[in-house]
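Undergrad: Protein sequence lines correspond, in order, to chains B and Y.
Taking my numbering, the leading residue of the first sequence gets -6, the next gets one more, and so forth.
Taking my numbering, the leading residue of the second sequence gets 13, the next gets one more, and so forth.
FYI, nobody ran anything at the bench for these hints, they're computed from the structure.
Calculated pairs, DSS-like style, for lysine-lysine (alpha carbon to alpha carbon, straight line, at most 25 Å):
| id | chain 1 | residue 1 | chain 2 | residue 2 |
| --- | --- | --- | --- | --- |
| 1 | Y | Lys82 | B | Lys95 |
| 2 | B | Lys62 | B | Lys51 |
| 3 | Y | Lys83 | B | Lys95 |
| 4 | Y | Lys69 | B | Lys95 |
| 5 | Y | Lys69 | Y | Lys113 |
| 6 | Y | Lys67 | B | Lys95 |
| 7 | Y | Lys15 | Y | Lys67 |
| 8 | Y | Lys113 | B | Lys51 |
| 9 | B | Lys62 | Y | Lys113 |
| 10 | Y | Lys15 | B | Lys42 |
| 11 | Y | Lys113 | Y | Lys82 |
| 12 | Y | Lys15 | Y | Lys65 |
In this text, all values refer to a predicted model and were calculated from it rather than measured experimentally.
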Amino acid sequence: AQSVAQPEDQVNVAEGNPLTVKCTYSVSGNPYLFWYVQYPNRGLQFLLKYITGDNLVKGSYGFEAEFNKSQTSFHLKKPSALVSDSALYFCAVRDGGENTDKLIFGTGTRLQVFP
Amino acid sequence: DVKVTQSSRYLVKRTGEKVFLECVQDMDHENMFWYRQDPGLGLRLIYFSYDVKMKEKGDIPEGYSVSREKKERFSLILESASTNQTSMYLCASSLFTANEKLFFGSGTQLSVL
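This is chain Y alone, in the form it adopts within the complex (with noise of 0.2 Å):
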């Protein structure tokens, strides 16, 4: 069965601290992304890959940054995290074909004191 795998469930982290989360994804899919999710805002795009070290910012990558080293791996770096960043992060994965579905995995929801 296809398996996208967000490292943590829930993390807990002060204002200013370096955040890394981690996503893995066993599909051999060229795309991945992430999101995050908000009451009311639904899923907002942050950054999305095409390819190895390849990336592309989506609707609101302020303050955050991605890495995609191996094609399975693609991180999500917030480099001085921040109260407004406390949000449920998801990340996905999809072949490479614009009419594909994505498959996301459980998420992760990061809570910034």
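Extracted from the complex, chain B is given alone in its bound form (with noise of 0.2 Å):
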């Protein structure tokens, strides 16, 4: 079965310093990944994805993705951190090689980048 986890549940950054929210995933075929973004009192908004192709993915608001198959993680990144990026994070996984469209969220992360 797979599954999605996010060791942190928050993430202190100051503004203009990078930012990197960990995420962790386990399949049983090739990863499907997704970063999405909660604001308050929004729903979830689409980042980035990783399919296939270049291990670095790049996606909205300046945001980026690694694909790393051997430590079988996708942690999301961004070069300088702005107070607007302050937000519930989640990471996501659909298993390619099983038949289902189910996509696995991990439990979210935090993050807050101060002034």
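If you follow the hints, you should be able to join the two separate chains into one complex; please do so.
TA: Below, the structure written as structure tokens:
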């Protein structure tokens, strides 16, 4: 069965500093990996996805994520954080080896960017 | 612009009531999903549907049922609401293939008293 873990409940970073939000996954086949962001009182918005190809994926709002097959990780990164990046971030995985459209989410990481 | 609309933003119900949460998408998507979001637990999949009248259980289907009579509408039903079903409920839709992103509604905050 597929699963995804976000080991940090909260990440704090100063504005202008680089940020990393961690995600690891477990699937039986090839993973389809996603990052979503949730701003206060809003639904989730898609940030980026990895399906195949280049391990570094670029997405919305200057975010990127690096797929690492050997470490089964898909960490979200941004070179320079903004206060407006403060939100709840979710990693999600679909198992490409299973005949299912099930998308499983992690528990979420709250990013707090301080001025 | 693509849209997933959930009928209520806030809902308060009493224990034992039958509750309907409605979700409509205007993108002609095959897949539709219901998740609940709880602090510290993230999003957990309740049910999903990949076609009209088709449904599959997610990870926490107990106490819930769903209905998909038309492609654009996916309803979540709490047959007899209980206090442990107090939660934020999120509906989402996507195209049929597994590498497609989900589009989410704004959510329904359900309180069962």
